[in-house]
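The chain contents come next:
2 protein chains.
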Amino acid sequence: MTIANLNIVPFVSVENMMKLVLDIGVDRFLTDLAVYIEEDFRRWELFDKTPRVASHSHDGVIELMPTSDGQLYGFKYVNGHPKNMREGRQTVTAFGVLADVGSGYPMLLTEMTILTALRTAATSAVAAKYLAPKGSDTMAIIGNGAQSEFQAIAFKALLGVNKLRLYDINISASRKCASNLKGLGFDIAICTSGQEAVEGAHIITTVTADKQYATILTDNMVGTGVHINAVGGDCPGKTELHRDILLRSKIVVEYPPQTRIEGEIQQLAADYPVVELWQVMTGKVAGRHDPSEITLFDSVGFAIEDFSALRYVRDQLLHTKRFDELDLLADPDEPRDLFGMLLRQAAKDAA
Amino acid sequence: MTIANLNIVPFVSVENMMKLVLDIGVDRFLTDLAVYIEEDFRRWELFDKTPRVASHSHDGVIELMPTSDGQLYGFKYVNGHPKNMREGRQTVTAFGVLADVGSGYPMLLTEMTILTALRTAATSAVAAKYLAPKGSDTMAIIGNGAQSEFQAIAFKALLGVNKLRLYDINISASRKCASNLKGLGFDIAICTSGQEAVEGAHIITTVTADKQYATILTDNMVGTGVHINAVGGDCPGKTELHRDILLRSKIVVEYPPQTRIEGEIQQLAADYPVVELWQVMTGKVAGRHDPSEITLFDSVGFAIEDFSALRYVRDQLLHTKRFDELDLLADPDEPRDLFGMLLRQAAKDAA
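Protein chains in written order, with the numbering used here: chain A, -15 to 335; chain B, -15 to 335.
Calculated from the structure, these hints are not laboratory results.
You may find that some hints are simply not true.
Pairs involving identical chains hold if they fit within one copy or between any two copies, as the list cannot separate such chains.
[Claimed, not checked] In silico DSSO-like cross-links for lysine-lysine, where the CA-CA straight-line distance does not exceed 30 Å:
| no. | residue 1 | residue 2 |
| --- | --- | --- |
| 1 | K166 | K332 |
| 2 | K268 | K166 |
| 3 | K332 | K3 |
| 4 | K166 | K33 |
| 5 | K33 | K305 |
Generate coordinates for the entire structure from the input sequences, incorporating the hints supplied.
The following block contains the structure:
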């Protein structure tokens, strides 16, 4: 990719993102993206980190999630509006920007609704690599909405999980998930309760969508040695696990200041001990140290994962044509002459 | 404007923004925009306000400036990199988004480099309407870079200022400014010092660009009764006025928590009394109450001004074609079936 004009920012539309994902293949996209996420978590201390900047309203939330590694700056705009689904809209939509810290110029604008689904799944699978029991091949997925297939494919690509046990309060969602995954090498069971879904599962993924305190998993459903990948509880007032499960688990989080507000651990005291995922990845803190241990990845989604995803997409554009050129930045011939640019446009229009 | 598809966000490119401004006319654009800004300042207390979210680096800063009135949400991305000019880039570039609080869906993406120049000038002129001496017709502009012409046109359109006294350390900037304003009804004097520029001026606008403590105005240059429109000092470590001027002035600011960090008043104690512009507009606090009073608008630029500008541009799109349709939001037929959207794209590509 060479962008000749300073005014141009490459833009990846929804259609181009789909084509990019299909060009690369969903499983390889997730595997490659996981490498970028691991790279960034391993240099965690270097990042400028801040909890997301949220604007809450009656119907939902709009958030900005910025971060920087000192060379690149990224942010994501993301909303969360549970009622949207009833109006034919997405609960969550997102877009993001990567920029050059040296000049402050944006380098990439991209849709991130699809990309967020991919990075969320890749992050879950990366965490599970360090936390799930060795030889895990069976995963329960409770909540079979928009994120479920991505989770399944990421866990297959990174961990070799090929047996799925699906449960959703709406069985048509489970059927949709099973149908979408057909031909991808999964052995799939559709279950009629959460209890049934977790039977024999090494990994339990909870990824439901309602914005309320819920108990998707009760204490008795969680046996020793499992890994829980709790994805759905991701804002204040939205949790999925019974508190007693947390007390029996090694809790791993992305960024404690954010997770204490948004994650499952909002049910616990503000100083309850948790481990940070980057500490596990870098070996500062042990991951799973005992086959009988219950591990819990209390995922809420952090800005650095979006940053990794933006970096990954930007790198793909070097050798694909899956972007448009967006005339986003004013670029007068003489930087101090912004008004003269208007005058020249007027002269051009008049000619 | 009717946008049929939920995936589409209207996008105003730099070229379309220029055409929109030229369609409307710079002076009418500024006058109309000033009405939106006044509307929003008059309902100031209703807004969700936060100081900008800044990421500082050696060479500059990248900022996100969000705000919401409960119905609409807006944010601006803006950088400030003084070194850019030496590399043929803009010191400041910006873009912004307006979104619907109810659904979280973006409603507008627009360039904001030009739009920021316009809203900054419109805000200065609105403030001066309340603060400048009655019958002001002469303005000194110290610093004749990218913002200078916009200031001149805004003050002419809103206050009737038609005599300009220009000064810049680089006289070619003054000549550029004078040349760009030719034929617009100004009587223009190019001055060889700041001292010369302020002679006989009712209003003194300082709008220099260097990121350092500077003294563009010394105390003896400011006589009784003038209004100072201090636009250039707008980040930590960047000021333009000698501290003694501040101590003699009625200081009016946009949003104290931000201005105390970024404005001229960073030179004063954190509790030094200042007046908020919205208080003057709504009559809660008197504006100029004495012809001999020195008034100072310590402008740094606040998110609500960008919000007003986004609202204004959005309203213009209802009756112009100055936008493109951006495929920014994933919009699967069935909201819970994001993965199925990928599968359908694959089927389409294969057909």
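Evaluation of the provided hints:
no., hint, result
1, K166 / K332, "between (57 Å within a copy, 18 Å between copies)"
2, K268 / K166, "neither (40 Å within a copy, 67 Å between copies)"
3, K332 / K3, "between (37 Å within a copy, 11 Å between copies)"
4, K166 / K33, "neither (40 Å within a copy, 49 Å between copies)"
5, K33 / K305, "neither (32 Å within a copy, 40 Å between copies)"
Hint violations for this structure: numbers 2, 4, 5, all remaining hints satisfied.
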